[in-house]
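S.K.: Order-wise, the sequence lines are chains A and B.
10 is the number that the numbering used here gives to position 10 of the first sequence; each next residue is one higher, with no gaps.
476 is the number that the numbering used here gives to position 71 of the second sequence; each next residue is one higher, with no gaps.
Keep in mind the hints are simulated off the structure, nothing from the lab.
Take the hints with a grain of salt, since some may be wrong.
Unchecked claim - One side of the interface only, derived from the structure: several residues of chain A facing chain B at Cβ under 7 angstroms:
1) L87
2) V124
3) L148
4) N151
5) I202
6) D212
7) F213
8) V214
This one's a predicted model, so the numbers in the text were calculated from it and none came from an experiment.
Don't be surprised by glycine CBs; every beta carbon is placed ideally from N, CA and C.
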Amino acid sequence: MTELFTLIPPAELAAFLAAGIVLNLTPGADVMFATASGLQGGARAGVVAGLGVGLGGLLHVTLAVLGVVWTIWSLDLLRAIAARYSLGASLGWHYLTGGKGAPEVPPVVLISTVSAIGALTGLVTAVMLLALTALERLGGGAPNDALLMKNLVFLFGHLLVNITLYYGVAMVYEILPAYTGRPWKTNKLVALAWNVVLVLVITAYFHHLYMDFVQLRWLQVIGQLSSYLSSIPAAAMSILGALALVYRARMKWTIASSLLFLGVLGWTIGGIGAVIDSTVAVNLLFHNTLWVPAHFHTYFLMGLVLMVLGGCYHIVEALSGTQENRARSKWTLILIGVGGYGFLLMFYWSGMGSVPRRYAAYPAELSQGATAAQVAVAFVAVFLAGLGIYIWEAGRRCWMALRAR
Amino acid sequence: MKPPIHSLILLVTLTLSSQAQPSANTGIPRPEEAPLLYQSLPDIAVDLGDGHKRALSSLWQQRPLLVTFVFTRCAGVCSPFLRALRSVSADARGAGTDYDFLVLSFDTRDTTNEMSALSQFTGTSGQNGWHFGLAAPEDIERLTRAVGFKYQWNAASQQFDHPASLVAIREGKVIRLLTGGAISPARFREVLSELRGDFVPIYPAVADTRFRCFEFSADGVLRPSWGLLILVYPALMALSLTAAVFLLARRRPVEPENPIAERRAGTSLSKGMGAAHELP
């Protein structure tokens, strides 16, 4: 861990930090704004203005760092895969063509290649968005087409959300077999499903623009078809694969394997909610109701988050060489399961009642929303209690592993 | 870090200050439609040349109203614009039954007789639904300010610099605002549809837009445009980057080990799991 800090020579790091501090202290528009606020409204106003400017800058820097790091990581992931497989092999094309003598490709490699290409598409989209915004602001003249910018925003957002999920699923493909004693291999169907996903995940985002009547109708049709076709192959293959892997296996149910399996369950339930919402006829009614956060909280909170928690526990358990505490694991799973699904149920129930999202206070006609929110808070507390036990258990194993090194 | 930020701020300031769309050859900015939509208008008193002053509301309560601002000594856009309105109105029909026109002078020198002469000159005199009127300077000021219409006396040309605009009003609220001397029959029909309360989903924005995804032609058809290609670019770029990474990579042959078998035997992550002990 500490070697991270020695990657940059200390002298260069010190010079970089000093230059950064000097540049930040150099008076500019932000300093002038904070000073002017201070002169006009007193010291408190000046400090608040300075903090506001600083936080705003920090947000932009954070987003920029996240974007750059994710891009570098995606390229490095592809480089690592390319060191062992050709592009065709990493995408499993030899399974589709029946090519012999080609290497066996683990699903994690296939899914990671698909996800890295998808992530790069999303990140290039973000760069395009920034470039177009800068051109509009700095170039003068005509503004950018609002519809184009909205398309780019959702191409970026939808891709990265889905890609994040796919990485979680890749982790399940890789780790779950360790608990079932059965291999989970790439075959023709798995390869076909993930190649279909690579193409269709890029065009599925049109379902976010159903309400944009200026969008051409055939793009809306592509949106609905892609939503169905991109979710069915990968989700169906992965869900059926996970069930087949577990069915009648000498399964070792631990907190890690249980969380991974529950993560697939959450992905399934949330995915079904998403496919329902991506149906034009349904979206006309459900759009902007609490059904929307219901489905994406399902596949994130009870899908991806559980997969990540399961994967992390698997790693810290292995690194620390310690087994789980069965009683605490049981309570963790019960609290997370009950709390998580109770919380989500309130979202779905409100969505069915047409309660709109993003309201701070509901009028009397939508009092169902307020009731659901109050109940949801109790379930969130239950979920957090489970998460607390998890953090304690995983954290101390992590600490033990670090100390052992 | 700071010097580029200063330059950027300066550049932004300069470019933002040049964002307003001036009307052709005048430097007077055209009114913007978006901020005016559904705004209530002041109920001023107008003189329609019949010797009686009437409240503007009495006109818009009768039927939807299309208001335009002119001055009778205008050597520019006023009379061609009125003729264009007469033409598209004759094509669309319904003036005097479905909607009315109100042509208001913003020049304090104009008289009822001069407005009447302008009416005859533009061929709108005696036409159903056409009203030419005057109002007190302060009322004109209130109304023009409310609809974003700006005008300025130009001493050199002895003319007012001003844009041509048409404000569509229903029940005292701005429903649409068209600017520019040319007005197409399709645009005019859209405005009439909106005045009737019909939903018009698509119409072109006044301002030029960069990288449009679609073009909305005057015949009402939506067609793909060049901006749509930008949506394809990220995927092409990502595929190019991926191809470059795979082409440049120095590949080692895949090792024969089966990762599943490795895992069963206890690989890096699962090593030692068998010998793990339970924490208290």
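S.K.: Let's test the interface hint: is any C-beta of chain B closer than 7 angstroms to that of N151/A?
M.R.: It holds, given that the least Cβ distance between N151/A and chain B is near 6 angstroms, below 7 angstroms.
S.K.: Can V214/A be said to touch chain B, with a Cβ gap under 7 angstroms?
M.R.: V214/A check passes; min Cβ-Cβ to chain B is 5 angstroms, inside 7 angstroms.
S.K.: Going by Cβ atoms only, is D212/A closer than 7 angstroms to chain B?
M.R.: Cβ of D212/A sits 10 angstroms from chain B, so the hint is violated.
S.K.: Does the nearest C-beta of chain B fall within a distance shorter than 7 angstroms of the C-beta of V124/A?
M.R.: 4 angstroms, holds
S.K.: Grab the minimum C-beta distance from F213/A to chain B and call the hint holds if it beats 7 angstroms, violated otherwise.
M.R.: 5 angstroms, holds
S.K.: Please check whether L148/A passes as an interface residue: C-beta within 7 angstroms of a C-beta belonging to chain B.
M.R.: With a closest approach of 5 angstroms, the L148/A hint holds.
S.K.: Using the nearest Cβ pair, does I202/A come within less than 7 angstroms of chain B?
M.R.: Where the cut-off is 7 angstroms and the nearest Cβ of chain B is about 5 angstroms from I202/A, the hint holds.
S.K.: Report holds or violated for the interface hint on L87/A, using the least CB-CB distance to chain B and a cut-off of 7 angstroms.
M.R.: Given a least distance of 4 angstroms, the restraint on L87/A holds.
In this structure, the one hint that does not hold is number 6.
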